[in-house]
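Colleague: The sequence shown begins at 184 in the numbering used here and counts up by one.
In short, the hints are calculated from the structure, not lab data.
Watch out, some of these pointers could steer you wrong.
[To be verified] Listed next, with one range per pair, are the computed distances between beta-carbon atoms:
no., residue 1, residue 2, range
1, Lys352, Trp421, 45 to 53 Å
2, Ser397, Thr319, 34 to 42 Å
3, Arg400, Ala447, 34 to 42 Å
4, Trp421, Val324, 30 to 38 Å
5, Leu448, Pro311, 42 to 50 Å
6, Arg400, Ala261, 19 to 27 Å
7, Ala264, Leu419, 37 to 45 Å
8, Lys352, Thr445, 20 to 28 Å
Computed from a prediction, not measured in an experiment: that's the story for all the values here.
Idealized CB from N, CA, C, for every residue including glycine.
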Amino acid sequence: MIALLHLPFIQNALAAGMLAAIACGIIGSLVVVNRSVFMAGGIAHAAYGGVGIAFFFALPALPCIVAFSLFMAVVMAALTARRQGRMDTIIGVLWAVGMALGIILVDLAPGYNVDLMSFLFGSILAVPRSDVHLMTVLVVVIVGVVTCFYKQLLAMSYDREFSQVRGVKVVPLHFMVLCLVALAVVMTIRVVGLILIMALFTIAPYLVERYVGSLARMMLFSSLLNMCFIVAGLWLSWKFNLASGATIILVAALFFILVESTAALLSKFRN
184 MIALLHLPFI QNALAAGMLA AIACGIIGSL VVVNRSVFMA GGIAHAAYGG VGIAFFFALP
244 ALPCIVAFSL FMAVVMAALT ARRQGRMDTI IGVLWAVGMA LGIILVDLAP GYNVDLMSFL
304 FGSILAVPRS DVHLMTVLVV VIVGVVTCFY KQLLAMSYDR EFSQVRGVKV VPLHFMVLCL
364 VALAVVMTIR VVGLILIMAL FTIAPYLVER YVGSLARMML FSSLLNMCFI VAGLWLSWKF
424 NLASGATIIL VAALFFILVE STAALLSKFR N
């Protein structure tokens with residue numbers, strides 16, 4: 184494995200994995216504490232419409248997915264900002280519309296591109312250097328925005344109504360968070376794919392949440408834990424010739440089961 188680090192595609196894969204881990208750790212923490220996992224999942228799956236647009240019009244894939252994901256995030260935010268009770272229905276409809284649009288456009292696109300599967304199930308070993316550069320820019324944007332609005336995001340995450348009474352502009356923050364989710368989704372597509380993306384968003388923040396006392400620490404340790412999942416998953420996929428995206432998620436899932444089982448046993452013995 185050490186010798187493989189000299190190969191450019193391995194270097195790109197590790198760089199993409201670390202960048203995706205940071206994005207998922209930060210945005211996943213916001214998603215978990217705001218209990219908006221289903222909403223993040225809706226954006227993730229609706230992003231497939233951007234894949235269809237890219238294939239149909241023969242355009243660069245990642246910029247198209249960025250643009251379409253942001254568009255769907257804005258639409259979802261506009262429809263759910265003041266209608267919290269009907270979010271699940273709205274998200275489900277947008278989820279289906281995005282996926283259906285992508286499927287139809289891919290079906291109408293001339294020829295067949297084998298790269299299509301990488302968007303559904305991930306292909307971290309095929310990430311080009313240009314995608315790593317774009318992912319770097321997106322991580323800088325995500326970190327910068329969260330840092331600038333950290334106090335407002337913290338207030339909204341723990342008490343939305345009280346924050347609004349205190350003068351925090353909750354609706355613009357709602358739009359901003361969903362746009363950040365869209366950017367994080369785009370970054371993770373190449374790593375684990377649209378189908379498995381939510382596991383990388385939620386497992387690490389969920390596990391870390393009970394052991395930390397602040398949102399900032401939750402973001403930090405979630406990012407580090409995601410990095411461990413990605414490195415371990417990459418090594419196992421290389422060692423046993425497995426699909427890298429699925430292996431990364433299985434590593435995360437097994438760690439989740441181990442931690443939860445251990446916590447349950449300790450709680451049982453204490454009682």
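Colleague: Going back to the hint list, which numbers does this structure go against?
Modeller: 2, 3, 6, 8
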